[in-house]
Amino acid sequence: MATLDRKIIAALVSVNYSDFLELVLPFNTKIFDTIYVITTKEDQECIDICLKYDNVNCFIVENDTVKKHGDFNKGAIYNKFFDFL
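Numbering-wise (numbering that gives the first Met the number 0), the sequence shown opens with residue 0 and increments by one.
Simulated from the structure, these hints should not be mistaken for lab results.
Quick caveat, the model's predicted, so the values are computed rather than measured.
Take these hints with a grain of salt, some might be off.
Below, computed lysine-lysine pairings styled on DSBU-like, alpha-carbon distance capped at 30 Å [claimed, not checked]: (1) Lys6 <-> Lys51; (2) Lys51 <-> Lys40; (3) Lys29 <-> Lys51; (4) Lys6 <-> Lys73; (5) Lys29 <-> Lys6.
Could you put together the complete structure from these sequences and hints?
So this is what it looks like as structure tokens:
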């Protein structure tokens, strides 16, 4: 009987929250097979933290996506990521 090989993938937004990211990633990398951290290219601290883990990938969005119409737009950020998938 064949078994299904399923992977558990997580996606999270972390723009200028590197302190929180540094706290949660060590625990979550043990739970999820792959984690995508969505951030901006200006948030080098988040990018550097992601590079510490083999199963964490950084997905970069442009600042205009983050601040659409002047407000933080988490929905637009996830939509860019879903387009990537």
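To see whether the hints hold, each was checked on the structure:
no.: 1; hint: Lys6 <-> Lys51; result: holds, 21 Å
no.: 2; hint: Lys51 <-> Lys40; result: holds, 17 Å
no.: 3; hint: Lys29 <-> Lys51; result: holds, 14 Å
no.: 4; hint: Lys6 <-> Lys73; result: holds, 25 Å
no.: 5; hint: Lys29 <-> Lys6; result: holds, 13 Å
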